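Student: Below, each chain spelled out in residue letters.
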Amino acid sequence: MEHLLKIEGLDVSFNEQARALRGIDLIMDTGQIHGLVGESGSGKTVTSTCIIGLLPVPPGRINGGSMIFKGRELLNLSEAQRRSLRGREIAMVFQEPARYLNPALRVGEQITEMLILHQDLEKQQAIAKALEIIDLVGLKGGTKTLRRYPHELSGGMKQRAMIAMAISCNPSLLIADEPTTALDVTLQQQILKLIQDLKQRFDMGILFISHDLAVVHEIADRISVIYAGRIVESTTKKRLFEEPLHPYTRLLLLSIPDAGKRGTRLKAIPGTVPDAEHIPSGCAFHPRCPLAEEICRHQDPETADYGSNGEGHTAACHMIGKKWIDL
Amino acid sequence: MQVLTFALRRFGRLLLTVLLISTIIFFVIRVIPGDPALVIAGIDATQEDIQAIRAQLGTDRPLIVQYLSWLSDIVRFDFGTSMISSQPVTQLILERFPITLSLAVMGIIISILIAVPLGVLSAVKRWSLWDYLGMVFSQIGMAIPSFWLGIMLLLILAVKIKIFPLFGSGSIRHLILPALSLGIARAAVLLRLTRASMIEELSKEYVITARSKGLTERMVKYKHALKNALLPVITVAGIQLGYMLGGAIIIEQVFSLPGLGRLFLFGVYQRDFPLIQGGVVFVAVIFSLINFIVDMFYSVLNPKIRIR
Chain A
1 MEHLLKIEGL DVSFNEQARA LRGIDLIMDT GQIHGLVGES GSGKTVTSTC
51 IIGLLPVPPG RINGGSMIFK GRELLNLSEA QRRSLRGREI AMVFQEPARY
101 LNPALRVGEQ ITEMLILHQD LEKQQAIAKA LEIIDLVGLK GGTKTLRRYP
151 HELSGGMKQR AMIAMAISCN PSLLIADEPT TALDVTLQQQ ILKLIQDLKQ
201 RFDMGILFIS HDLAVVHEIA DRISVIYAGR IVESTTKKRL FEEPLHPYTR
251 LLLLSIPDAG KRGTRLKAIP GTVPDAEHIP SGCAFHPRCP LAEEICRHQD
301 PETADYGSNG EGHTAACHMI GKKWIDL
Chain B
1001 MQVLTFALRR FGRLLLTVLL ISTIIFFVIR VIPGDPALVI AGIDATQEDI
1051 QAIRAQLGTD RPLIVQYLSW LSDIVRFDFG TSMISSQPVT QLILERFPIT
1101 LSLAVMGIII SILIAVPLGV LSAVKRWSLW DYLGMVFSQI GMAIPSFWLG
1151 IMLLLILAVK IKIFPLFGSG SIRHLILPAL SLGIARAAVL LRLTRASMIE
1201 ELSKEYVITA RSKGLTERMV KYKHALKNAL LPVITVAGIQ LGYMLGGAII
1251 IEQVFSLPGL GRLFLFGVYQ RDFPLIQGGV VFVAVIFSLI NFIVDMFYSV
1301 LNPKIRIR
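Heads up: the protein sequence lines correspond to chains A and B, in order.
Our numbering puts the first sequence at residues 1 to 327.
Our numbering puts the second sequence at residues 1001 to 1308.
Mixed in with the good hints there might be a few duds.
In silico BS3-like links for lysine-lysine, alpha-carbon gap of 25 Å or less [to be verified]:
#1 A/LYS322 to A/LYS237
#2 B/LYS1223 to A/LYS123
#3 B/LYS1223 to A/LYS144
#4 B/LYS1227 to A/LYS123
With the Cβ distance kept under 10 Å, some of the chain B side facing chain A (calculated, not the full set) [claimed, not checked]:
#5 LYS1204
#6 GLU1205
#7 ILE1208
#8 THR1209
#9 ALA1210
#10 SER1212
#11 LYS1213
#12 GLY1214
#13 THR1216
#14 GLU1217
#15 LYS1223
#16 ALA1225
#17 LEU1231
Hints were generated in silico from the structure; no laboratory data involved.
Bear in mind the structure is a predicted one, so any value in this text is a computation, not a measurement.
Built from N, CA and C at the ideal position, the CB exists for glycine as well.
From just these sequences and the hints, can you work out the full model?
Tutor: Here's what the structure looks like:
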């Protein structure tokens, strides 16, 4: 079966020394929400920037790997071809709508300009289509709302406007980069629900990027955990939460606040994500890993598949099956 | 409705500004040395002559009486008559205003025409030859005084190659050289501002969004970024226009243009109180009006302003 997007060994560096991505493997299918989880600085945003084709080169540089989208190698396309995919086939929703929407252009203008560009619609047709779309994402007020400027909308409404823009040309792949992080909890729920509804309706593949495993748990079908520019574990949501393999994933799961366990101290993972210029030797996680042994310091573990029953479950750790302690 | 309250509030502020400025200027010109009666009477005049002239001008009355009578006159738009030429101040100002107005408008247009395209080009092609040329132009433009530039333009384009008239007024051709010398100096400042503003806008997050939508680079830059980048440029261009409408004293002197600047300069030389007062109030009103118009225009471009 052909995947919607298949990334293999994607290797990206900045200014020669900073290794932002060290061989990312990621598979996405239509009709699935794929959660990409990691701490800040782990390479989530660089990954999404590469997929949409906006990696600034220089200072960025793609050293190797491949990204096959609907059977086409994205890395071989010209800039004009990439641009025609952007917004039409691959669209993106950003974290802070207040900063990512143009303050000087009306909401309607920001939606219709895409329709006019990608679908060759006349102004009037584009407005009609935009009205349909804002209705679909739950932006009330019709024509009046289209004539509003972003600052005249509330935070949740802004994010809905951003989503309306992204889905306006029925993309097959939607990248949502921390779309709910800037919103309060009730709004967060509404936006998550909206994203799920839209996935059903448009049959899109959605890459949902977040640092928050709890949010990803609510929405994702599959989850990949990224650490220091590598996917360390990737499987279905159920498997990841029930039988996590990588110590980093296990520690992340322990750090989720649980309303049922009030009074117990949350476990934080000691240390921080290494910056891309100082990736530790061997397994990049070994300085923070409670299981680390001599081999982890010298040799970067290969990614292997530990899946069963047809469910893939890849992880990259030397200690899987050899050593298990309660963390 | 919002627009109306905004406009009313700004109008109230305008009145207050004008009142404050006229009060200050009224007292300041009376405190500084110099007596119009002495100027009119000449060196040989007797003490009685001077007293008589003072009584005629009304400057022998107590300050506060003079102030109140002047204030009650200007609310009826009566700026009095010039002490020297005996003509109504309003008439003197209105006679010269068209020259200053056309000079200022031409100057600001020249300045915008140079500054905005060059500034945008410098920002978009940063560190390129264009950017370098723009920087050199703005350095030179800021460093050389506009009167020197005016004299050079006259020497080259009116004396050596006789394209433009050397002095006089009355036609567009008389205004081109003075407007150029004004405009080039202003353009230097405006160019830097345009460049800085455009560079800042291009680094904003909404530019990433615009690119992620698959828009062409041209749309990203000249539609999304430029519209935001022009906001501060418009404000500053408006303020510059306000300054120029007050009369470009030095440039009018260089080109012997009978504009407001020269009128006010002679008013000050001769301690012509009504003319100075009327002139200052006039300039203050014009300046406030320009600011008001710029703010209105700005609020159309940047709707966030209106709310506050």
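Student: So, against the hints stated earlier in the document, which numbers end up violated here?
Tutor: Hints that this structure does not satisfy do not exist here, as all of them hold.
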